[in-house]
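Trainee: Sequence:
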Amino acid sequence: MGRFDFVLIATLLFVFSNILFKPCEAQLSSTFYDTRCPNATTVIRNSIRQAISRERRMAASIIRLHFHDCFVQGCDASLLLDDSSTIQSEKSAGPNAGSARGFEVIEAAKLAVERACPGIVSCADVLTLAAREASVAVSGPSWTVRLGRRDSTTASRSLANSDLPGPGSTLAQLISSFSNKGLSERDMVALSGAHTIGQAQCSLFRARIYSNGSDIDPNFASTRRRNCPQTGGNTNLAPLDLVTPNSFDNNYYRNLNLRRGLLQSDQILTTGSSATIVSEFSSNPSAFSTAFANAMIRMGEIQPLIGTNGIIRRVCNAIN
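Numbering (mature numbering (1 follows the signal peptide of the UniProt record, and there is no 0)), first residue to last: -26 to -1, 1 to 294.
Hints listed in this document are in silico derivations from the structure and should not be mistaken for laboratory results.
Virtual Cβ for every residue (Gly too), placed ideally from N, Cα, C.
Among the hints, a few may not be true.
[As the list claims (entries may be wrong)] Label-pair ranges, simulated between beta-carbon atoms: (1) Arg10 x Thr205: 53 to 59 Å; (2) Arg288 x Ser196: 47 to 53 Å; (3) Gly187 x Pro12: 37 to 43 Å; (4) Arg272 x Asp8: 21 to 27 Å; (5) Ile293 x Ser247: 31 to 37 Å; (6) Gly156 x Thr197: 35 to 41 Å; (7) Asn193 x Pro259: 24 to 30 Å; (8) Tyr184 x Asp8: 53 to 59 Å; (9) Gln1 x Asn201: 45 to 51 Å.
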């Protein structure tokens, strides 16, 4: 056997040993808790549905919590952390202060699953599953959730202020914000459809309804002014979808085509390259439902902490 043969054999052995003995990289899986906590999904589902049966608006709040968590540091439950000596909570960032809600619902779901399987299921996975169950509870789509996220030990108020799109965002800003998280323009338009449920505070849409702009229906603006004066009433609420505010459907897009988007960042979707997508979703509820589910899957997998990264928090609002 020549020198070349020895080199070849040695090379092949090296390659195969790396293939056979390389440690498996941790990854998300839909069966992640099947052995260690087989009832996790059922426990969380029951807890979330009970909360939404008490207050149907809570479905929108939970989906929004999931979105606001994943857009800051990834889907790591950092949004759920309270202020402490080492943490500046994201709850007090501009996009969340006074408007993000439903934290107690996630804590209750976490407590329920802790009773079943202590120290096994992360708050990040609880929140991700809760968002799906919230959608289903108000007749929205379902989707497969891959699990195995771990919880952050940090939060970032500054990233919450910079990375979360605002109600006055331009189309270019929205597209860029979602693209930075690995989401397409179609994902962005589909995820905006979560505004088919929920409400917004007067301070977020006041400028739009008093603008007398050409992109807002005058009668719609006049109706909204009744509960949103030019001064005061900042926290007064209005439904994001006037037609079916408590049901997950495609009326949000139909409203946009009628210039009845409550937020400027909603109505702006009828301009430029996203207008075609809005038109499609307004006429094809099945296309919207499918696109929303797919976008929620992709959003729910933004930079998760997996393997040995992060921790499993015992409660969601504090570090162990």
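Trainee: A separate judgement is required for each hint: does it hold in the structure or not?
Mentor: Do the hints match the structure? See the list:
Look at Arg10 against Thr205: about 55 Å separates their beta carbons, and that is inside 53 to 59 Å. Taken as a hint, the range 47 to 53 Å holds for the pair Arg288 and Ser196, whose Cβ atoms sit roughly 51 Å apart. Distance hint check: the CB atoms of Gly187 and Pro12 are about 54 Å apart, inconsistent with the given range 37 to 43 Å. Against the hinted window of 21 to 27 Å, the Cβ-Cβ separation of Arg272 and Asp8 comes to about 23 Å, which satisfies the hint.
In this structure the hint that Ile293 and Ser247 lie 31 to 37 Å apart at CB is violated, the actual value being about 43 Å. Between Gly156 and Thr197 the CB atoms are about 38 Å apart, so this pair conforms to the stated range of 35 to 41 Å. Remark: the range hint 24 to 30 Å for Asn193 to Pro259 is upheld by a beta-carbon distance near 25 Å. Between Tyr184 and Asp8, the C-beta spacing of about 54 Å keeps the proposed range 53 to 59 Å intact.
Restraint check, Gln1 to Asn201: a C-beta distance of roughly 48 Å satisfies the suggested window 45 to 51 Å.
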